[in-house]
Amino acid sequence: EDQVTQSPEALRLQEGESSSLNCSYTVSGLRGLFWYRQDPGKGPEFLFTLYSAGEEKEKERLKATLTKKESFLHITAPKPEDSATYLCAVQAEGDMRFGAGTRLTVKP
Amino acid sequence: ETGVTQTPRHLVMGMTNKKSLKCEQHLGHNAMYWYKQSAKKPLELMFVYSLEERVENNSVPSRFSPECPNSSHLFLHLHTLQPEDSALYLCASSQEKHSSGNTIYFGEGSWLTVV
Numbered sequence: 001e002d003q004v005t006q007s008p009e010a011l012r013l014q015e016g017e018s019s020s021l022n023c024s025y026t027v028s029g030l031r032g033l034f035w036y037r038q039d040p041g042k043g044p045e046f047l048f049t050l051y052s053a054g055e056e057k058e059k060e061r062l063k064a065t066l067t068k069k070e071s072f073l074h075i076t077a078p079k080p081e082d083s084a085t086y087l088c089a090v091q092a093e094g095d096m097r098f099g100a101g102t103r104l105t106v107k108p
Numbered sequence: 109e110t111g112v113t114q115t116p117r118h119l120v121m122g123m124t125n126k127k128s129l130k131c132e133q134h135l136g137h138n139a140m141y142w143y144k145q146s147a148k149k150p151l152e153l154m155f156v157y158s159l160e161e162r163v164e165n166n167s168v169p170s171r172f173s174p175e176c177p178n179s180s181h182l183f184l185h186l187h188t189l190q191p192e193d194s195a196l197y198l199c200a201s202s203q204e205k206h207s208s209g210n211t212i213y214f215g216e217g218s219w220l221t222v223v
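Read top to bottom, the protein sequences are chains A and B. Just so you know, this note's numbering puts 18 at position 18 of the first sequence, and the rest follows in order with no gaps. Just so you know, this note's numbering puts 144 at position 36 of the second sequence, and the rest follows in order with no gaps.
FYI, nobody ran anything at the bench for these hints, they're computed from the structure. Check the hints yourself; a few may be wrong.
Straight-line alpha carbon distances no greater than 30 Å define the calculated DSS-like cross-link-like pairs of lysine-lysine that follow [stated by the list, open to error]:
1) Lys63/A / Lys144/B
2) Lys68/A / Lys149/B
3) Lys68/A / Lys144/B
4) Lys205/B / Lys63/A
5) Lys149/B / Lys63/A
6) Lys59/A / Lys149/B
7) Lys205/B / Lys79/A
Can you build the whole structure from these sequences, using the hints too?
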């Protein structure tokens, strides 16, 4: 069965302390892997789409990478405004599955 | 502004009420979705419409009834709900149905509380 697992469930960082969030998946026929940011009480905001192993994408302090089994969202020198829940989603043949998310808190 | 607008943002309803959630997308997309988000659980796909035709219904109870009058509008009609139906309901859209690698864009959601 297709699965998407995000870790850690929650992460607390000091401002400027770089770290990575993990999204591991087991699907057949990957069509795309998506990262979203979700602020409390709001809908998910699209960040990145990755389509094949080895692909990388960057946006400000965020960088997403993809292998055949997992994706990482690297956060470099985070700021308090980066605090949010980050969702990973995997699209396979005929289906799209979301992970439960990583709740990131960045303290000043 | 994501291009997907949901109303109302907050709704409180009794178990015997009938209400509707509305979604409108301004992105020119052909597929629209309803998702349910409960605390600490992954997003659950409820319904998918592609070119106004329902293509998926993931074992959702009949107290939830979707309607897609055209490719820009999507409704979720609610009746005789249960307290466990309280959640954030998210509308989304994509260029094509989500088996094709297209990015899905979400609205801000409608917070539903059933009392």
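Structure-based check of all given hints:
Between Lys63/A and Lys144/B, the direct Cα distance comes to roughly 28 Å. Compliance with the 30 Å bound is thereby established for this hinted pair. With a C-alpha separation of about 25 Å, the suggested pairing of Lys68/A with Lys149/B holds against the 30 Å cut-off. For a cut-off of 30 Å, the pair hint linking Lys68/A to Lys144/B stands: about 29 Å separates their Cα positions. A hinted pair counts as satisfied when its Cα atoms are at most 30 Å apart, and Lys205/B with Lys63/A qualifies at roughly 27 Å.
Between Lys149/B and Lys63/A, the direct Cα distance comes to roughly 25 Å. Compliance with the 30 Å bound is thereby established for this hinted pair. A hinted pair counts as satisfied when its Cα atoms are at most 30 Å apart, and Lys59/A with Lys149/B qualifies at roughly 27 Å. Between Lys205/B and Lys79/A the alpha-carbon distance is near 36 Å, which puts this suggested pair outside the 30 Å criterion.
The structure fails to meet hint 7 from the earlier list, while all remaining hints are met.
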